[in-house]
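Read top to bottom, the protein sequences are chains A and B.
Residue numbering for the first sequence follows the working numbering, starting at 1 and increasing by one per position.
Residue numbering for the second sequence follows the working numbering, starting at 1 and increasing by one per position.
Among the hints, a few may not be true.
[As the list claims (entries may be wrong)] Taking lysine to any residue and the SDA-like style, the derived pairs with C-alpha atoms no more than 20 Å apart in a straight line are:
| # | chain 1 | residue 1 | chain 2 | residue 2 |
| --- | --- | --- | --- | --- |
| 1 | A | K101 | B | S65 |
| 2 | A | K2 | B | Q41 |
| 3 | A | K2 | B | A38 |
| 4 | A | K101 | B | R22 |
| 5 | B | K104 | B | S73 |
| 6 | B | K104 | A | N55 |
| 7 | A | K2 | A | D82 |
| 8 | B | K104 | A | T95 |
| 9 | A | K101 | A | P14 |
| 10 | A | K42 | B | F45 |
| 11 | A | K2 | A | A109 |
| 12 | A | K45 | B | N59 |
| 13 | B | K104 | A | K79 |
| 14 | A | K42 | B | N30 |
| 15 | A | K101 | A | T24 |
| 16 | A | K45 | B | S65 |
| 17 | A | K45 | B | D84 |
| 18 | A | K2 | B | N59 |
| 19 | A | K101 | B | S7 |
| 20 | A | K42 | B | S109 |
| 21 | B | K104 | A | D39 |
| 22 | A | K101 | B | Q112 |
| 23 | A | K2 | B | F45 |
| 24 | B | K104 | B | S24 |
| 25 | A | K45 | B | S109 |
| 26 | A | K45 | B | T5 |
| 27 | B | K104 | A | S49 |
| 28 | A | K79 | A | F60 |
| 29 | B | K104 | B | N30 |
| 30 | B | K13 | B | K104 |
| 31 | B | K104 | B | R57 |
| 32 | A | K42 | A | T95 |
| 33 | A | K42 | A | G9 |
| 34 | A | K45 | B | F45 |
| 35 | A | K101 | A | D77 |
| 36 | B | K13 | B | S65 |
| 37 | A | K42 | B | H10 |
| 38 | A | K42 | B | G40 |
| 39 | B | K104 | B | Q6 |
Simulated from the structure, these hints should not be mistaken for laboratory data.
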Amino acid sequence: RKEVEQDPGPFNVPEGATVAFNCTYSNSASQSFFWYRQDCRKEPKLLMSVYSSGNEDGRFTAQLNRASQYISLLIRDSKLSDSATYLCVVNSGNTPLVFGKGTRLSVIA
Amino acid sequence: ETGVTQSPTHLIKTRGQQVTLRCSSQSGHNTVSWYQQALGQGPQFIFQYYREEENGRGNFPPRFSGLQFPNYSSELNVNALELDDSALYLCASSLVGLSTTNEKLFFGSGTQLSVL
């Protein structure tokens with residue numbers, strides 16, 4: 001089983017839609033979690049950290065379920081500019097960050 | 001902008017050649033990590049340098065080697081290039097090494113390497 005698994009998509013959604021991505025991780029000792037955004041042919045950029053209590057940043061909400069070992073990202077009121085690949089990232093403390101393959105989102109006018 | 005700069009931006013090499021990629025970390029950051037990202041894949045950890053010493057290595061052969069300099073800039077060297085080495089090579093800087101659980105990475109824009 002891969003350390004971090006994501007549905008590669010693509011998710012094609014209309015503007016204004018709500019879309020959710022899930023990510024599962026295999027290492028139960030994982031301690032910190034992030035979502036990164038990567039535009040085509042560009043570097044990944046930190047979107048948000050994921051906290052146990054869940055956290056929100058504008059239209060973006062991240063949730064962590066330790067019991068089921070999954071992380072989610074919810075995007076409300078999708079914009080064309082949200083089109084990108086979203087990378088789920090996990091840190092197990094004394095190991096480097098482990099990236100999923102990413103989920104591709106296309107927001108259509 | 002993250003303040004992490006990489007050079008060159010693009011490179012074309014042939015099999016068997018050697019390549020050196022360079023990275024300048026963000027001001028104040030003492031740790032540099034290198035990642036390889038093949039098309040359609042997530043970034044894969046190559047190694048990390050903390051205060052000029054290798055501080056962790058991923059599943060890459062010894063022909064991938066690196067250096068970190070006193071100013072925390074870094075080089076990635078790849079010998080005996082293979083076709084499968086074609087990828088985007090990303091450098092990321094951070095303030096702490098592997099001992100933290102809340103490490104956030106700031107990436108450079110990468111070097112696109114094509115091996116023919």
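Would you check the hint for K42/A and G40/B, treating anything up to 20 Å between C-alpha atoms as holding?
-> 13 Å, holds
For the pair supplied as a hint, K104/B and D39/A, is the alpha-carbon distance within the 20 Å limit?
-> Roughly 18 Å separates the two Cα atoms, so the pair holds.
20 Å limit on alpha-carbon distance, applied to hinted pair K2/A and F45/B | 14 Å, holds
Satisfaction of hint between R22/B and K101/A, Cα-Cα up to 20 Å | 25 Å, violated
Is K2/A close enough to A109/A, meaning Cα to Cα at most 20 Å?
-> It is violated: about 35 Å lies between the C-alpha atoms, which goes past 20 Å.
Between K104/B and N30/B, does the CA-CA distance stay at or below 20 Å?
-> 13 Å, holds
Assess, step by step, whether the Cα of K45/A is no farther than 20 Å from the Cα of S109/B, and give holds or violated.
-> 10 Å, holds
Verify the proposed pairing of K101/A with S65/B, using a straight-line Cα cut of 20 Å.
-> This hinted pair is violated, its Cα atoms lying about 24 Å apart.
Below or equal to 20 Å on CA atoms is what counts here, so check K104/B against Q6/B.
-> Cα-Cα ~18 Å, so holds.
Starting from K101/A, check that the Cα of S7/B is at most 20 Å away, please.
-> Violated, because 25 Å separates the two Cα atoms, which is more than 20 Å.
Does S73/B lie within 20 Å of K104/B when you go C-alpha to C-alpha?
-> With a Cα-Cα distance of about 18 Å, the restraint between K104/B and S73/B holds, given a limit of 20 Å.
Given the hint that K45/A pairs with F45/B, does the C-alpha gap stay at or below 20 Å?
-> Roughly 16 Å separates the two Cα atoms, so the pair holds.
Figure legend: structure checked against the earlier numbered hints; hints not met, in rising order: 1, 4, 7, 9, 11, 12, 13, 14, 16, 17, 19, 30, 32, 35.
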